[in-house]
Structures are given as C-alpha cells and as structure tokens.
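2 protein chains.
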Amino acid sequence: MVSVQNRQSAYSNATFNWRQRFSTVARRTLPPEINWLMAQALEDPDIISLAAGFVDQESLPHEEFAGLLREVMEQAQNGRAALQYGTTQGDLEFRIKLIDRLRREQVISSNSEIDASHCLVGSGSQQILYLAAEALLDEEDIVLLEAPTYFVVLGVFKSRGAQTIGIDTDEHGLIPERLEECLEQLKREKRLSRVKMLYLMSYATNPLGVTLPQERRRQILSILQRYRDGGFPILLVEDAAYRRLVIDGECPHPIKRFDDSNQQILYTESFSKSLSPGLRLGFGVGPKELIDKMIDIKGNHDFGSSNMAQQIIKTVMQSGLFDQHLKTLQSIYRRKRDIALNVLEKYFPPEAKWLRPSGGFYTWVVLPEAVDTSAKGHFFQTALQEKVLYVPGDLCYSSDRPESKRSSAMRLSYGMIGEQALQEGYKRLARAMEKEISTLTA
Amino acid sequence: MVSVQNRQSAYSNATFNWRQRFSTVARRTLPPEINWLMAQALEDPDIISLAAGFVDQESLPHEEFAGLLREVMEQAQNGRAALQYGTTQGDLEFRIKLIDRLRREQVISSNSEIDASHCLVGSGSQQILYLAAEALLDEEDIVLLEAPTYFVVLGVFKSRGAQTIGIDTDEHGLIPERLEECLEQLKREKRLSRVKMLYLMSYATNPLGVTLPQERRRQILSILQRYRDGGFPILLVEDAAYRRLVIDGECPHPIKRFDDSNQQILYTESFSKSLSPGLRLGFGVGPKELIDKMIDIKGNHDFGSSNMAQQIIKTVMQSGLFDQHLKTLQSIYRRKRDIALNVLEKYFPPEAKWLRPSGGFYTWVVLPEAVDTSAKGHFFQTALQEKVLYVPGDLCYSSDRPESKRSSAMRLSYGMIGEQALQEGYKRLARAMEKEISTLTA
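Here the protein sequences line up with chains A and B, keeping their order. Mapped onto the numbering used here, the consecutive letters of the first sequence carry residue numbers 1 to 442. Mapped onto the numbering used here, the consecutive letters of the second sequence carry residue numbers 1 to 442.
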C-alpha cells in the first residue's frame with residue numbers, strides 16, 4: 001500500500017501533457033460547438049431545445065422491435081449470426097436486399113450494373129462520409145458544399161486538412177450556375193485538380209429543408225462531368241439522409257439515378273432518421289474502387305458495423321414494418337411542420353423570414369441583418385433568458401463564407417420534442433426576437 | 001430513356017481512375033492479407049479454417065438475449081432510449097457501471113480518481129485503438145509492440161504513417177530488458193521523442209497465448225516512466241481483450257492498476273470475446289486529455305456507438321448473465337485448449353514446438369527453421385491440399401523484424417470451430433507437416 005502511494009506521489013510531480021503529443025489530425029479536430037450548446041440545455045431542464053437533431057421520441061417503435069427481436073434471437077441460426085462477427089463490408093444478404101430495394105425505388109437505374117459489391121454498410125451515414133473523406137482528402141484538397149450546409153460535416157473535412165468552399169443556395173437548394181462559376185474560377189487558378197468532391201444534400205436539406213428540383217439535379221451532374229479536368233474526376237457525395245422524410249410535392253429521383261456507370265456518385269443513406277438512430281446504421285453506394293478502399297480503411301476502424309443491428313433492420317424491412325413506419329413518421333413530421341409554420345406565421349415578427357420545409361425536421365429562420373444570432377451575440381443570450389435554444393446560423397457555413405463570422409439566421413429543429421414544447425419553444429423565441437428588435441430600433 | 005442511354009455511352013468513354021485520387025492515408029491502407037486467407041476458406045467448404053479469430057459459435061447466448069431484449073424493448077422509457085441517439089462518449093450510466101466494475105475487479109485502484117469521464121465506449125476495442133492511433137500518430141512517429149503481435153493492429157499503425165518496432169518476447173511475453181535496450185538505442189539515435197506508444201497485450205496474447213507475469217508488468221511501467229525523455233510521455237496502450245478468458249494460474253492485475261494518476265496508460269477491453277462480437281462494443285479508460293480528443297475524433301466518425309448495444313450490455317451485466325456466461329466460456333475454451341494440446345502432443349511431429357495457451361483461443365506453433373510457413377511458401381500449399389488453413393506467422397511481425405519476411409511459425413485458432421473440426425483440423429495440419437518435413441530431409 002505504501003509503495004502504491006509512493007508511486008502516486010512520484011507521478012504527481014510529473015507533468016504529462018498529452019496535448020503536445022497530438023497528431024496533425026488531432027490538432028485539426030475540434031470539439032463541435034454544438035456540444036457546448038447541448039451542455040447549456042442539459043444544465044437547465046426548463047430550457048426548450050430547438051437545437052438537437054434528434055428524432056421524434058414517441059415515434060421510436062420499441063414495442064414492434066420487442067417482437068421482432070424475439071423473432072431474430074430465438075432462432076438459433078439467425079440469433080447466433082446476429083451475435084457473431086460479420087464481414088467488414090456488411091452482411092451480404094442485407095446488402096443484396098438494400099440494392100434490390102434501391103432499384104425498385106429507382107434510386108439506381110434498372111440498366112446500371114450496380115450490385116451488392118458496390119454497397120458498404122457503416123455506423124450511420126456519418127461513418128460513410130468520414131471514410132470517403134479519409135479515402136480521398138489530403139491537406140490543401142478542396143471540398144465544395146452548400147452554404148449553409150450540415151454543420152457536422154464541416155468538422156470532418158477540416159480534420160482531414162481540406163479547404164471547404166461554400167456555394168450559394170436559394171429556396172430551391174444549390175444554385176448550379178454558382179457551382180459552375182466556382183469551378184471556372186478554380187480552373188483559372190489552376191486548382192481544379194485539388195477539387196476532390198462536392199458534398200450535397202439532395203432531399204430536405206439540413207438546415208434549409210429544401211429538396212433540389214429535378215432540373216438542377218441534371219445540371220449539377222452535367223457540370224461535374226464537364227469539369228473533369230485532366231482526367232481528375234470530382235466525386236459527388238449525395239447525402240440522401242432525409243429522402244424518406246420528404247412530405248411535400250413529388251419526391252424527385254436521386255442524382256444517383258443518372259449515374260448509370262456508377263463512376264461519379266457516392267450515394268449515402270441513413271437508418272437514423274427513417275427508423276432508429278440507436279442502431280447506428282447507414283450505407284453508401286458508389287464506384288467500386290472507392291468502396292473497396294473505404295472497406296480497407298473501415299477494416300482498420302472496426303471490422304464492420306454491428307451485425308446484430310444489420311440483422312434487425314433486415315427483419316424490419318422484410319416484415320413490412322419499415323414501410324409502415326415511414327408512413328407514420330411522415331404524418332408525424334408533417335403535423336409538426338404545419339404546427340411550426342403556423343406558430344411562425346402567428347407569432348414571429350414580420351421582419352423574420354423562413355422557408356417552408358419540404359420534409360425533415362428543420363426550419364431555417366432569417367432575422368433582420370442587424371441581428372447577430374451567433375452564440376457570442378446578444379440575441380443568443382436573450383433567447384437563453386427566455387429558456388429556448390437554437391443552432392446559430394454561422395455554424396452552418398464553411399469558413400470561407402462571411403456568414404461563418406456573422407449570420408442573422410438560425411436552425412430550429414422540431415425533430416425530438418413534442419407538439420406542446422414545439423409551440424412553446426417557438427413562442428419563446430418570438431418573444432426574444434421582439435425584445436431584440438425593439439432594442440435595435442430603440 | 002434515349003437521353004439516359006446517351007449519357008451512359010458518354011460515360012463509358014471516360015476513364016475514372018479513383019485510385020489516382022486517393023489520399024495518403026488511403027495509399028497506406030492495404031487490404032489485410034487475412035482477407036485473402038478467408039476467401040480461400042470460403043471458396044472450398046471442405047477446408048477447416050484454423051485462421052479466423054471468431055468466437056465459439058455454440059456459446060453465443062441467443063436465447064438468453066431473446067428474453068433480455070424483450071425486457072429492454074417492451075418498456076417505453078428504456079426501449080426508446082435504446083433506439084434514440086446517445087452521446088458520442090457513450091451512455092453515462094453504462095460508463096459509471098463499467099468503472100464501478102473495474103474498480104471492484106481492481107483493474108483500477110481504489111485510490112485512483114478515475115471516473116466515467118475517463119471512459120470512452122467504442123465500436124469494439126478495435127475502434128479505441130484506431131482513435132488512439134489517429135489522435136497521436138503522425139508520419140515517422142514510432143510505435144513499439146510485441147514480436148509477434150496482433151496482426152490487425154500493424155495495419156492501423158501503418159495507415160497512420162508510423163514506424164513499428166517489434167520487441168522480443170519469450171514464453172512469458174514481452175521481455176522488459178529488450179524494451180529497455182530498444183529505448184536506449186532510440187535515445188542514442190535522438191529518436192526517443194518520436195516514440196508515441198507501446199502497444200501491449202497483457203493477457204493471453206494474440207498470437208502467443210501468454211499472460212504477462214506480475215513482475216514484468218511493474219518493470220515495463222517503470223521503464224516507460226524512466227524514458228519519458230524531455231517531458232515526452234510514451235503512452236502504454238494495454239489491450240486486455242482476453243483478460244476475462246484467462247484460464248490458467250492466477251490472473252494478475254492489469255498494468256493499469258498501477259497507473260493511479262491515470263496519466264500513462266490507455267486500457268482497452270472488448271465485449272467481443274467475452275460476450276458477443278455482433279454487438280461491436282468495447283471501451284477504453286485513459287488520461288482525460290487523450291480521451292477527450294478521442295471523443296472529438298469519434299464525433300466525426302459516427303457520433304457514438306450503438307446506443308441499443310450499450311443498453312443491452314448494461315442489462316446483461318445487471319442481470320448476472322455476464323458473469324455466468326464468462327464461466328461457461330472459460331469452461332468451453334479450457335476444454336478446447338486441452339483438446340488442442342492433446343492433439344498437438346499426439347500427432348504433431350517432434351520437430352514442432354508450441355506454447356501452452358494461458359487463455360484465449362490461439363496456439364502458436366513453431367516448425368523447424370527450414371519450413372517457410374508464409375502464404376507464398378510450399379508448406380501453405382501442402383496444408384491447403386490437406387484442406388486446412390492457418391495464419392502464417394510472418395503476418396504477425398512488424399516489418400522491421402526479419403520474421404516478417406520469413407517465419408516458420410503459425411497461429412492456430414480454436415475459437416469458432418467445434419471440437420470435432422478442431423481435432424480434424426489439427427490432424428490434417430500434422431499430416432501436412434509430416435509431408436513437408438519428409439520432403440526437407442529427403
């Protein structure tokens with residue numbers, strides 16, 4: 001006992017500074033600011049958080065799962081398969097079923113030769129995005145993306161040392177002409193070969209909530225094909241996380257539908273929004289060479305995602321529960337969306353502008369330019385005093401954009417919270433806005 | 001339809017070479033040779049594979065899980081929590097229970113201040129190893145490890161650009177004097193500051209099957225403390241994946257037990273070997289600064305491992321099933337180990353040497369020096385003709401070691417296969433050896 005204590009005091013004298021030992025990747029990886037936001041919400045249980053991108057709590061199909069899991073586990077063969085190692089790429093039968101389904105849904109065209117070998121199962125589509133970034137990006141490489149974009153992905157690209165360039169969007173999503181201008185500019189600067197990918201959400205984007213129209217899809221693909229300068233292809237990473245939660249208008253084909261040769265697009269989807277984030281499963285479909293390399297990298301990460309989760313989702317899809325659940329989700333989120341729009345109309349000051357979400361569960365609200373919505377700004381404190389939390393717009397912009405320094409927008413999520421809290425949260429925010437605007441005009 | 005076909009033919013003319021777009025990390029990441037081995041086994045169902053590190057198939061507790069899962073899922077609160085997002089670090093209650101258990105088991109000392117904040121849940125301990133490598137290693141950094149070592153980890157370090165140095169082992173595991181000599185040499189070469197970690201298995205090592213004796217544990221820790229040159233600490237990554245499967249003699253305290261200040265050691269454990277690989281869960285306990293950075297990186301990877309898997313293991317631990325299952329596993333693997341040793345004694349030629357596994361499920365067999373066991377060698381083909389597969393010893397050595405070019409050893413796993421196949425597989429290998437040795441002496 002004495003010797004243990006001696007050892008401890010010898011230790012206490014030593015200063016271990018692990019920070020000085022960190023790798024370049026580690027130094028580039030910063031805790032997402034959203035963590036700080038979440039901590040604020042947790043500290044005060046009275047705060048209504050419109051910040052978290054969590055899914056509707058009541059919708060999570062725990063009872064249906066109880067039955068299905070019993071079904072999977074009671075049978076010796078399936079049960080043991082679920083509990084044993086799988087392959088790094090993902091369960092073959094699961095991938096075959098996924099590809100069959102994507103073909104039926106015309107996500108991939110019937111005349112493409114895409115099969116299960118082009119599909120990689122990951123721990124959420126987030127892991128697919130990380131693996132693609134790790135496979136392709138070196139320092140000084142360039143990634144194009146929407147402005148504003150899904151903020152978590154900005155941290156991924158930054159950690160790989162890549163430069164991100166935000167392309168203008170409007171109420172229909174990414175503006176193809178602006179993409180072309182950007183590529184033309186990069187060509188003039190002889191930097192075109194450094195452009196490794198365009199990261200694009202094609203359905204109910206986060207944070208704008210818009211679904212890219214059919215015409216723009218073709219334009220964007222055609223632009224990327226034209227700028228394949230010197231044989232350097234630009235990968236289109238099509239993130240379709242919210243495709244199954246589109247509730248307004250027609251749901252256009254994914255851009256992947258037009259990539260018959262499977263050479264240009266890495267298409268990703270997640271089961272987090274459409275079924276359950278707790279299972280942590282998503283997948284990617286893309287060029288064989290790229291998928292194969294991502295499998296090798298994933299082999300080093302974790303040898304493959306949970307086999308049990310894959311067996312569960314396979315069963316959920318077979319049983320018909322998946323399709324039934326999607327209908328339930330669409331009706332839940334449509335109702336919440338309509339409530340949100342209603343409260344916006346009724347309570348928000350006329351100076352506030354917003355887009356009508358085509359699906360998903362975010363509203364993007366833009367305040368008068370004089371209002372700075374950043375976490376360091378005055379308005380954020382006013383909102384906190386009213387006990388409501390939002391995601392400041394500046395976080396959703398790539399660092400090359402002026403909006404990343406100062407934005408008057410905010411992302412409001414109605415994903416997780418109930419209808420009452422949703423109404424109350426929006427009303428609190430309306431009060432904060434009125435206070436802020438009256439201060440500005442005073 | 002015509003336009004789609006036109007687009008396709010335009011595509012066919014283009015050559016997309018994604019390989020030329022790969023990142024440095026991607027170029028350094030090669031498909032593990034074990035994949036090729038596994039493919040061999042799959043091609044011919046008559047082959048008995050002693051190569052795979054899978055766990056005992058019959059032991060997987062699918063029936064018990066059926067009941068427990070119903071329990072977790074039927075209850076609204078637990079069921080929904082399992083299906084919702086968790087935190088990146090891992091479920092707080094789960095981490096608290098893990099740390100409590102580790103303290104009871106004296107993995108961490110009762111007077112250390114280690115708590116749940118020092119624990120990170122990962123997708124297998126493999127992910128913890130990857131995150132540690134990603135957090136600490138840059139090109140030209142040095143990792144020390146056992147020779148032979150767990151071969152998958154060699155690929156991880158290589159992909160980060162690090163140089164690995166293999167330290168001699170004997171029948172008790174890593175030889176402390178050799179570690180010291182290596183560090184002294186690196187000091188002379190002024191490369192000590194590049195040594196970022198020592199990766200070490202402390203229980204029933206893969207592939208040797210040996211458990212490091214208590215005395216060596218203290219020596220190794222003390223050596224690392226002495227060589228903390230110029231304030232650059234060397235992280236000890238203590239991989240205790242097989243701790244709960246030690247069946248012989250006393251099971252000594254982990255080295256982590258003596259790291260009261262929690263500054264020197266990242267301790268990792270996996271639920272793959274002790275419960276179910278299909279859940280893909282493991283954890284690490286280490287210095288706060290390092291764990292925090294690994295959490296940030298994991299936030300980019302996947303926002304946290306499956307919450308459902310965490311809820312399941314929490315329930316399994318609470319229910320007592322975990323401890324009960326460990327006893328079952330120990331008796332299964334003891335029985336298999338004894339069968340393996342028996343067949344080795346009875347059938348293997350006197351020229352073959354092996355170690356008695358203290359646990360886990362590997363035997364390390366060394367043939368006469370004249371036999372080259374590599375996948376390209378003659379003996380491997382002879383074994384394939386006898387329809388038996390093993391892991392060639394050269395794969396288990398760091399590239400700085402001569403054994404990585406030529407080895408006469410092999411790793412035989414009795415993890416997954418049944419007792420009959422185990423006996424038959426070893427007998428086939430004995431026949432292959434006899435053939436080979438008679439060829440050599442002819």
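It cannot be assumed that every hint is accurate.
Note that the list lumps identical chains together, so a pair holds whenever it fits in one copy or between two copies.
Straight-line C-alpha distance at most 30 angstroms; calculated DSSO-like pairs for lysine-lysine [as the list claims (entries may be wrong)]: (1) Lys97 - Lys376; (2) Lys187 - Lys435; (3) Lys376 - Lys288; (4) Lys190 - Lys435; (5) Lys327 - Lys405; (6) Lys190 - Lys387; (7) Lys336 - Lys187; (8) Lys427 - Lys288; (9) Lys314 - Lys405; (10) Lys376 - Lys435; (11) Lys427 - Lys314; (12) Lys336 - Lys427; (13) Lys435 - Lys158; (14) Lys288 - Lys314.
These are calculated hints, taken from the structure and not from any lab test.
* To do: Could you tell me which of the numbered hints above are not met by this structure, giving the numbers in increasing order?
  => Result: hints 1, 2, 4, 5, 6, 7, 8, 9, 11 and 13 break, sorted rising.
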